[in-house]
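Peer 1: These are the residues of each chain, in order.
There are 2 protein chains.
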Amino acid sequence: MNNLYANRMSKIPRSFVREILKVADEPDIISFAGGLPNPDTFPEEEFAESTSYILENSGAEALQYSTTEGYEPLRKLVSERYSKNGLSVDPKNILITNGSQQGLDLVAKVFLNKDDTVLVEKPTYLAALQAFGLFEPNFKSIPLLNDGVDVDVLRSQIEEDSPKLFYSIPNFQNPTGISYSLEKRKIIGKLLNQNETILVEDNPYGEIRFMGENLPPIKTFTDNSILLGSFSKVVAPGIRLGWIVAEDETMHHLVTAKQASDLHSNFFSQMIVHHYLTKYDVEEHLSMIRQMYKDQRDFMVEMIKLHFPDDVKYTQPEGGMFLWVTLPGDMAAMELFERTMEDKVAFVPGEAFYSDDPQKNTLRLNFSNSNNTKIEEGIKKMGNAIRELKSQ
Amino acid sequence: MNNLYANRMSKIPRSFVREILKVADEPDIISFAGGLPNPDTFPEEEFAESTSYILENSGAEALQYSTTEGYEPLRKLVSERYSKNGLSVDPKNILITNGSQQGLDLVAKVFLNKDDTVLVEKPTYLAALQAFGLFEPNFKSIPLLNDGVDVDVLRSQIEEDSPKLFYSIPNFQNPTGISYSLEKRKIIGKLLNQNETILVEDNPYGEIRFMGENLPPIKTFTDNSILLGSFSKVVAPGIRLGWIVAEDETMHHLVTAKQASDLHSNFFSQMIVHHYLTKYDVEEHLSMIRQMYKDQRDFMVEMIKLHFPDDVKYTQPEGGMFLWVTLPGDMAAMELFERTMEDKVAFVPGEAFYSDDPQKNTLRLNFSNSNNTKIEEGIKKMGNAIRELKSQ
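From first to last, the protein sequence lines stand for chains A and B. For the first sequence, counting from 1, position 392 maps to 392 in our numbering; every step adds exactly one. For the second sequence, counting from 1, position 67 maps to 67 in our numbering; every step adds exactly one.
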């Protein structure tokens, strides 16, 4: 019954990353492919205590249907965490979602007509291309430089195409690890204030900065903005909780769309996370995550310096979970992938992250869900495979 | 920035039920308005034990990102429960969703182009109109008789319009409480086999039959079918877990759409529910729910007989959570609502449940989330208000 499916389905390729992850998931593979937090950071005992507390004291509330907007004290807590970082957000402008992925789906639902233009970074987060793609926009990509997108190209695209949305991950971007400079954040904010394009600012990694100085969200410099956040990297991703920050009118539409999509997010988990974040020392927990990821990132950089040829380039992110590698010349990362998989080492070839015109000599390495033994062995094997390919 | 929103948003009215529920939620209101299970049935202690078990034994798995399709053992368990009822469903044809509401959203995403025809019952579940409505179909409604939809109208609509989908709730329908007869299920199955219209069979209440004989799903009689299920009424709704049953090709598309929508459903809750359903006696739990709801339904019918005028009609459902009331002549349920709210008694006026041409003298009463004291007082006050309106 092929003719019965909606047109939008023919435009969404099955995620290549997903297919890779199926292979990479096997236990004897050293995988730098996934975008997974390190499970050693998960607060299992604290979660068990929090769950007991919630079920004992508010079981009927936690297990019942509830409001679409989300658990009010959790929205307040998110608001308070923003205000500690200098951003004033009223709880009524926060909607709890199933991870920030659902934030992307809801934003697309609320804003996108077929053939609207959406600006994305080049490269960008693959699953954002999927979420937006289901609403059949035209993607235009803006080159990503070492300190953020090329603002000249951004300006001319905004002026030429009047795009509906500009999707950006300013902190430790997925897949590149690149962060926007303060100067670029200001320039972009100003540019958006002069136009009708709305910034969709995705910030799942912002709290995992392990070097350098915290920088304000672009939202600080423009009201033309929707900000997405997530508990996935700070607490745990399996509970699928994130949020959207938007102004009143947009929030009204987002709540309508959320209600039609799944009524509300898991309330049991919302109450557990709120209890966990209130009762335990989250700053200490975050310090532990940052230290672990910094050590693994440092060790991966060290191993790359030792084992990769000198003409391989790579980013050295100040936070997050990913390094971005550029192979010499016209060496295809896909070919390298096939070769390293023979050695049971996995990563994601970069071409998956482009909406158009993929740069095929790029690849993404995850350092968060690993350890030094795997990093040493995996990077060494990758280095050997790169040398082999070079010599052909 | 009104012109920036997608066209689809202008077509979705904010749920009137939602607005009512906000008022009806206040503690001094006797509410027959919501569609809520009785929280006294929630297995809080068993959930606490299940959560401890999962976090102690599989914490890292429960809290990590996981597969879009859902927790494999939970999909197997759903499959086994179907096979006990004579329906053979492979676990690979089951996708775990955020309640069956998300099932509706994903089905709409996968199937509906703008202006496709969707057949719905008249009246039907309001939030299905919202979920489908976001994809801008044309709704056509099929009158609901005491034993299911009018199959003659259904046949002529299918032949005239080649609708993409026919959305049906064959067991203890929301809002009417009506169930389809075995004969109608067979006729509808045969009709669908001869056409390309796909049945979307929503069955959230099937396991809460407290009288009469279990009847097979319409899916038994046709392959042209997508079946939706839910843990909301059997376990608890706050955890937002349900599922979709579909054949391979449709499942492939549904998984793609689910991945783009929120990657996967809450894995922590999936594992807890699986442990709970495996370790504890669910049949005993279901018996308890059925007995409670039967008692409350019986008492509500008894009170209606005692306190409503004789020319008020009402359904006497064999399961589920709702009665459907038809007021005499041209009495408007909305006017009755305004009057009973002065007495702090709430229900949902029927017009919210129609895609077109609402029958304004109808209303929905929920009996599951109540007790005999409230039922007696609430129905008595409603009866007085009806008599008052009649005498004007």
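Hints should not be assumed to be uniformly reliable.
Unchecked claim - With a cut-off of at most 30 Å between alpha-carbon atoms, the simulated BS3-like pairs for lysine-lysine come out as follows: (1) A:K11 with B:K114; (2) B:K114 with A:K114; (3) B:K92 with A:K92; (4) A:K22 with B:K76; (5) B:K92 with A:K22; (6) A:K114 with B:K140; (7) A:K344 with A:K22.
Calculated from the structure, these hints are not laboratory results.
Peer 1: Would you mind marking each hint as holding or not holding in the structure?
Peer 2: The hints, checked one at a time:
For a cut-off of 30 Å, the pair hint linking A:K11 to B:K114 stands: about 16 Å separates their Cα positions. Between B:K114 and A:K114 the alpha-carbon distance is near 11 Å, which keeps this suggested pair within the 30 Å criterion. At roughly 40 Å between alpha-carbon atoms, B:K92 and A:K92 are farther apart than 30 Å, so this suggested pair is violated. For the suggested pair A:K22 and B:K76, the alpha carbons sit about 20 Å apart, so the restraint of at most 30 Å is met.
Note on B:K92 and A:K22: the hinted pairing holds, with a Cα-Cα distance of about 16 Å set against a maximum of 30 Å. The straight-line distance between the Cα atoms of A:K114 and B:K140 is roughly 25 Å, inside the 30 Å bound, and the hint therefore holds. Annotation: proposed proximity of A:K344 to A:K22 holds, straight-line Cα distance about 13 Å (limit 30 Å).
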